[in-house]
Structures are given as structure tokens and as C-alpha cells.
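Trainee: Next come the chains, spelled out residue by residue.
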Amino acid sequence: MSFVHEDPEFEQLLAIIARKAGISVALIEKDYWVTPRFCNRPSTEGVESGP
Amino acid sequence: MSVAAQPEIEPGRAYRTRELRRWSANPTRLAKRLVREGKLRQAAQGLFYAPLESKFGPAPPSHTELLRAFFGCSPFLISGPPKWNILGLRSTAMFAATLVYNTKRTAELTFDGQRYLLRRVRFPQDPPPEYFVVDLLQHHDMAGISLAELERGLTATLTEGRWDRRLLREMAEGYGTKATQALVERALRAASETS
Numbered sequence: 057m058s059f060v061h062e063d064p065e066f067e068q069l070l071a072i073i074a075r076k077a078g079i080s081v082a083l084i085e086k087d088y089w090v091t092p093r094f095c096n097r098p099s100t101e102g103v104e105s106g107p
Numbered sequence: 008m009s010v011a012a013q014p015e016i017e018p019g020r021a022y023r024t025r026e027l028r029r030w031s032a033n034p035t036r037l038a039k040r041l042v043r044e045g046k047l048r049q050a051a052q053g054l055f056y057a058p059l060e061s062k063f064g065p066a067p068p069s070h071t072e073l074l075r076a077f078f079g080c081s082p083f084l085i086s087g088p089p090k091w092n093i094l095g096l097r098s099t100a101m102f103a104a105t106l107v108y109n110t111k112r113t114a115e116l117t118f119d120g121q122r123y124l125l126r127r128v129r130f131p132q133d134p135p136p137e138y139f140v141v142d143l144l145q146h147h148d149m150a151g152i153s154l155a156e157l158e159r160g161l162t163a164t165l166t167e168g169r170w171d172r173r174l175l176r177e178m179a180e181g182y183g184t185k186a187t188q189a190l191v192e193r194a195l196r197a198a199s200e201t202s
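Chains as they are written, first to last, in my numbering: chain A, 57 to 107; chain B, 8 to 202.
Here chain B stands alone, though its shape is the one from the complex:
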């Protein structure tokens, strides 16, 4: 009688079906069995995770871990309110979905009951906070804040010396529209005049 494969599933880790090939020639069947045994949960078609044990019960992994498994080696960046609202530019709105920049596809997907807005756009590999300032300016309508208010906030925080001016200009030129670049230049000029 053959013994069923007992893979070393790591709690809190997400897996694509193909990653289970190292334990079985039929990873789809193995995934089904592990879900049945409660060792894995299915987050989406072909995407699974091993729940993390916690005192509150089995918990799903972080967004970053699910996205890491989903995108494989392809880079991605979580943006949106969690990044924008900590800039201190007075945006406070939250989304019901996680905004994810990536190099593969634009789509709206649900993993484990959580919505993800995937956007295939250019983004820096290791973004400085100045990138998210430009990103917020580009998405002010999604963030529910006017450009005028953001411009006032940006000028005030530039005056306080909060941002690297060279990096801010670089990010605006690399990732902003002409209108965003013009706004950044106005804020830089206004901050220079008052400081």
C-alpha cells in the first residue's frame, strides 16, 4: 500500500498549485487532499495558503504573502490608502480593495474573500515616500481629496523639510503626468519662497 505524500507545509505561506509539484506528480490532487485535511485553504483558482495558528484561530497570511505567491518572480507593489494616508497630506479615505501595481495584468480579483485591484503600470522597484506623494496626486479622486488641498499640504510639508526635493521632482518626472509635474513644481517654488 502506498503512503500519501506528507509535504512540509509552512504555516502562513501561500502556494501556487505548481509549487506542490515538488511533493507530487499530481499537484492538483495533492492540493485537494490538503484542503480536505485542513492543512491548506483555497484562496482562488490555483492559489492556496497554509493558515497561521493564532490564539484567535487559524488566520490567513498577509496580502503581501498571497501576492508573492500569485505573481511568482514578477515584481508588484501595494499602493493605495495604506501608503497615501501616512504621508500626512490629509487623505483619510480607505478602499474596500487593495490596490496592487504589477507588470503582468490589470484586473479585479478576489483572493480568500478579499478584493484586489491589479493595475499593470510602471513603478519603481524600491519606492521612496516621494513616489507615493506623486501616486496620491495622480489618484486624488480615488483618495477622495481635491488637488487644491493636496497642493496646500504638499507645500506645507515641503516647507517643514519633510520631502527630498530632488527625489520628489524625479518621481514626478518619472511617474507623473504633465499636470502632476506642474503641481509639484508650483509646490516646490512656493515652499522655497516661504522657507
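Bound-form chain A, shown alone:
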């Protein structure tokens, strides 16, 4: 399986998204790396049970 960050034009993709969204490239890239880490976790992990 290949990932989009392995694409040699990944930097250009981030710049295009940042420009369209009006959000900094750094934040777009951080979001890219953080999101899969949360998506791959069991949804209840780290969640405190309510009273």
C-alpha cells in the first residue's frame, strides 16, 4: 500500500490545499500526520467513563 506522503509531489499537494483552505501549510501537514493516528485507535481508548 502506498501513501500520499510518499509521492514526490506531496509538498505541492499540501501547498494547494493550504491555499484553497486559507490555512497554513504547517497546520495542514500536521493534520495529515495526526489524523491517521487517531483513526487507527480504538474509539474508546483514553476516554474516561462518565458518572
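Take every hint as true, because none was put in to throw you off.
Some chain A residues judged to face chain B by a derived CB distance under 8 Å, without partners named:
no., residue
1, E65
2, Q68
3, L69
4, A71
5, I72
6, A74
7, R75
8, G78
9, S80
10, A82
11, L83
12, K86
Label pairs and their in silico Cβ distance ranges:
no., chain 1, residue 1, chain 2, residue 2, range
13, B, E200, A, E67, 38 to 48 Å
14, A, E67, B, S199, 39 to 49 Å
15, A, A77, B, R75, 20 to 30 Å
16, B, S81, A, R93, 35 to 45 Å
17, B, R36, A, G78, 27 to 37 Å
18, A, E67, B, G95, 19 to 29 Å
19, B, G53, A, P64, 30 to 40 Å
20, A, P92, B, P65, 19 to 29 Å
21, B, T201, A, K76, 45 to 55 Å
22, B, A32, A, P64, 34 to 44 Å
23, A, G78, B, A32, 30 to 40 Å
24, B, C80, A, F66, 28 to 38 Å
25, B, G53, A, E67, 17 to 27 Å
26, B, G53, A, K76, 22 to 32 Å
The hints are simulated quantities; they were obtained by calculation from the structure and are not laboratory data. For every residue, glycine included, the Cβ atom is placed at its ideal position computed from N, Cα and C.
Could you slot chain B onto chain A? The hints should help.
Mentor: The following block gives chain B in isolation, referenced to the frame of chain A:
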């Protein structure tokens, strides 16, 4: 009938309007025409770039390229989280803007929808990583990390032999406040005692 100038615009390069003078006596009009033709995009007043073709569509150039055109021959340095977070001193916050040290002006500007915080400050021409350690200590509040935590991280990484101690002291003396210099000295002392 006269033929309109067809300048050799380089994809991925940024241009100030005055740079277009080599192709036209009226660079403002030429810039407008090139924007209309899709060969240039306007990033800000008097600042343009030729998009880079990519498989994802036309892409803007790097921050460095836009800033190079904006500042001309004047030096600048990109600092902030991209430089601080790779030091391994436990800072992780990111900014919505790019922090740029320069010798011309302090301002907050937007180029092509991206925010830049320009700060007119002293900075080394060819900064070693030890400069960014001092810079992070100076801006710990912006980076969202306490000085105590940074001091612990700096001592631990000094013990591992990560930094050039002479350079670190030199950078603190050249670019740090008295408080930063004192913190660096404490970390150097603590690291010497444990190593």
C-alpha cells in the same frame, strides 16, 4: 501591429513587479496581462508567482521562494515551530503563520492567503541548531512550553552530547536575554555534573 511581450516565466518562481521591467517598460500592465493569461498569480500587492505544475494541479511556490522575491537582496530567516519542534526539546505546537526574521520591517502580512509574521530582529546569517535552541527559549510562550520543561529537555540533551556547548553559549550571549543566558549556563552546569 505590435506583438505583446512573451517573457520567459519560470514555474515555481516568485517575482516583484519591478523584476518584470526586463520584458516591458510598463511592468504593472505586463503583470496584469500575465495574471489574466494564467501565467502568473498575484500573491500580494506587487508580488507574483508562476505556479508549479503538479499532478494535483497548479501549486504555489515555497515560503522561501515568495520571501526571497519579497525581500530581494535583504537577508531573512524562517523560524518558529518548524525549526523549534525538530530540536527534540518537547515543543510540539504549530502556528497559523510563518515567523520570519528580517532586517527590514516588523509586520503581519498575507501572501497568497498564507500569514507571515515578520520581525525585524538580529539573527545570524547561517544559524546553527544552537541558535534555534536559544530562539525557542526566548519564545517559549509562543511555542506553548514552559521554561522549566525546556530547561529539563536542554539539560538532558546536553548530557547526551547533542549540542555544541561553545556554540550554545555563544548564541545565548549573542541573541539571548540575561534570563536566557542564565538558563543556558544552569543547563550547561547541570549537564557537566551528570556527565
